[in-house]
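Participant: In case you want the letters, here they are:
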Amino acid sequence: MNDQVVTVGIGEYKVAQSPLVLRTILGSCVAVILYDKINRIGGLAHVYLPTGEDYKSGRESTITSHKFADILLPLMVEEILKKNGNKRFFSAYLVGGASLFDAKPSSFLDIGRKNLEAVRLILSRMRINFLELEVGGNKGRKVFFNLKNGDIEVINLNGMKKKA
Amino acid sequence: MKVTKEEYDTLIKESFEQILEVLFSQKNAGDTITTLAQLPEDEKREIAILIQLTDGVEGKIILTCSLETANRITKALSPDFFEEVKSLDDQRQVFKDSLGELMNILAGKIAYYFQRKYGTTRITTPTIISGNKLKITVYDNNAINAVIRFNYGIVDIIFTVN
Amino acid sequence: MAKVLIVDDSKLIRNIIKDELEKNGHQIVGEAQDGRMAISMYKEQTPDLVTMDITMDEMDGIEAITEIFKLNTKAKIIVVSALGQDEIINKAIDMGVMDFIIKPFEADRLLSSVKKAL
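From first to last, the protein sequence lines are chains A, B and C. Counting from 1, one number per residue, gives the positions in the first sequence under my numbering. Counting from 1, one number per residue, gives the positions in the second sequence under my numbering. Counting from 1, one number per residue, gives the positions in the third sequence under my numbering.
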């Protein structure tokens with residue numbers, strides 16, 4: 001059974017209905033997966049940077065705002081709701097936020113951890129309960145999210161996928 | 001939280017007993033089940049099966065286990081399926097079918113347990129999640145879990161209420 | 001000997017029901033994974049009896065039961081479900097199902113229910 005697979009790029013989100021598989025590759029980025037199991041609609045957001053607040057300077061911002069968690073996530077939720085998704089039936093999952101560089105905690109470079117913190121805060125503010133599937137660590141992941149049934153596959157990018 | 005840890009452990013253990021006796025045809029299943037305080041450090045989480053509860057009780061139940069345990073449970077329940085499995089994707093479908101049904105039955109028992117207090121609960125079909133190092137952290141305080149060791153391995157059943 | 005249609009999204013359960021019923025001389029004329037499939041198979045096969053799960057994607061058992069009764073007011077349906085809550089059992093019985101079996105079930109429970117229904 002081969003469903004269509006669509007890749008979600010850095011700083012993007014995609015909302016889709018069954019049947020479709022969304023896929024993305026993560027390093028320090030965090031994937032936020034939202035799924036309404038009853039209406040079979042959901043989305044995957046590829047969060048690249050935590051919040052826009054951290055990056056404001058005195059000048060006009062030239063940074064694409066979509067990369068920030070606090071812009072991306074509400075947009076994705078809004079679109080799911082517009083397409084008749086129901087918050088009551090949401091399941092939300094986090095994957096990613098690895099520390100790929102030799103960053104000291106609380107260092108500016110520890111984007112993975114900052115992304116996770118930002119996403120947790122934003123989802124809590126939106127009163128969306130979530131599960132963390134595979135977060136942190138120092139390896140990248142590939143994630144597949146199946147809109148037909150909400151199934152998720154997380155593949156560690158270092159080393160072979162385990163065979164049964 | 002709508003149930004105490006003690007009540008929950010008992011509910012899960014008794015449900016498992018019945019499931020083992022009937023579905024796995026295991027006599028005196030109760031003797032082979034123990035409840036652990038928590039998941040052992042070296043126990044891997046590689047497969048998770050999730051079912052959502054809505055209306056009466058709003059929340060989720062999630063079973064997590066290692067690939068090895070998933071294999072053993074599934075082989076015991078559906079020995080014939082395994083012969084047909086060629087790819088990892090196929091295998092996940094087989095896990096989803098067997099472990100998913102186990103969870104379906106467990107969810108039914110949890111829904112039944114809560115009906116007097118909270119009314120009729122709807123349950124969804126199961127979702128399967130797989131990964132090398134799943135942690136399944138529930139990011140709120142309304143979660144309890146029961147860790148069951150039985151002859152096929154160890155499973156962790158997390159219950160989170162909205 | 002009856003023609004039976006088995007409806008359940010779990011292959012495990014379908015196999016369990018199939019094995020038991022075939023061992024006891026019944027003929028399985030179809031296996032459906034969801035309510036929608038159940039309805040089209042019911043039309044095609046006109047089984048003597050249907051075993052019906054409730055929790056399924058696409059279309060759940062309650063809706064499928066409604067549709068099947070529209071096709072045949074005398075349809076014989078036995079619910080086999082993990083949901084054992086009073087409200088759900090009462091609803092199904094009110095709709096006209098012959099029995100409601102709660103999972104996990106013993107073979108005897110299934111067989112005696114089928115025998116009574118036929």
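Accuracy of the hints is not assured; some may be wrong.
Looking from chain B toward chain C, a few residues come up when the C-beta cut is under 8 Å (computed) [stated by the list, open to error]:
| id | residue |
| --- | --- |
| 1 | 1 |
| 2 | 104 |
| 3 | 105 |
Sample of chain C residues lacking proximity to chain B, with all beta carbon distances greater than 10 Å (derived) [said to hold, decoys possible]:
| id | residue |
| --- | --- |
| 4 | 13 |
| 5 | 27 |
| 6 | 48 |
| 7 | 83 |
| 8 | 84 |
| 9 | 99 |
| 10 | 103 |
| 11 | 115 |
Treat the hints as calculated values from the structure; they're not laboratory data. Yeah, the Cβ is synthetic: ideal placement off N, Cα and C, and Gly gets one too.
Participant: With reference to the structure, classify each hint as holding or not holding.
Facilitator: Hints versus structure:
Proximity of residue 1 (chain B) to chain C is violated relative to the hint, the smallest CB-CB distance being about 21 Å (cut-off 8 Å). Because the beta carbon of residue 104 (chain B) sits about 5 Å from the nearest beta carbon in chain C, less than 8 Å, this interface hint is met. Taken as an interface hint, residue 105 (chain B) checks out: its beta carbon lies about 5 Å from the nearest beta carbon of chain C, inside 8 Å. Non-interface call for residue 13 (chain C) relative to chain B: violated, since the shortest CB-CB distance, roughly 6 Å, does not exceed 10 Å.
The Cβ of residue 27 (chain C) sits about 20 Å from the closest Cβ of chain B, beyond the 10 Å cut-off, so the non-interface label holds. Listed as a non-interface residue, residue 48 (chain C) keeps its Cβ farther than 10 Å from every Cβ of chain B; the least gap is roughly 26 Å. For residue 83 (chain C), the non-interface assignment is contradicted: its Cβ lies about 5 Å from the closest Cβ of chain B, within the 10 Å cut-off. For residue 84 (chain C), the requirement that its beta carbon stay farther than 10 Å from each beta carbon of chain B is not met, with the minimum near 5 Å.
For residue 99 (chain C), the non-interface assignment is confirmed: its Cβ lies about 17 Å from the closest Cβ of chain B, beyond the 10 Å cut-off. A Cβ of chain B approaches the Cβ of residue 103 (chain C) within 10 Å, the least distance being about 5 Å, so the stated non-interface status is violated. At roughly 20 Å, the least C-beta separation between residue 115 (chain C) and chain B is larger than 10 Å, which holds for a residue marked as non-interface.
When held up to the earlier numbered hints, the structure conflicts with 1, 4, 7, 8 and 10 and fits the remainder.
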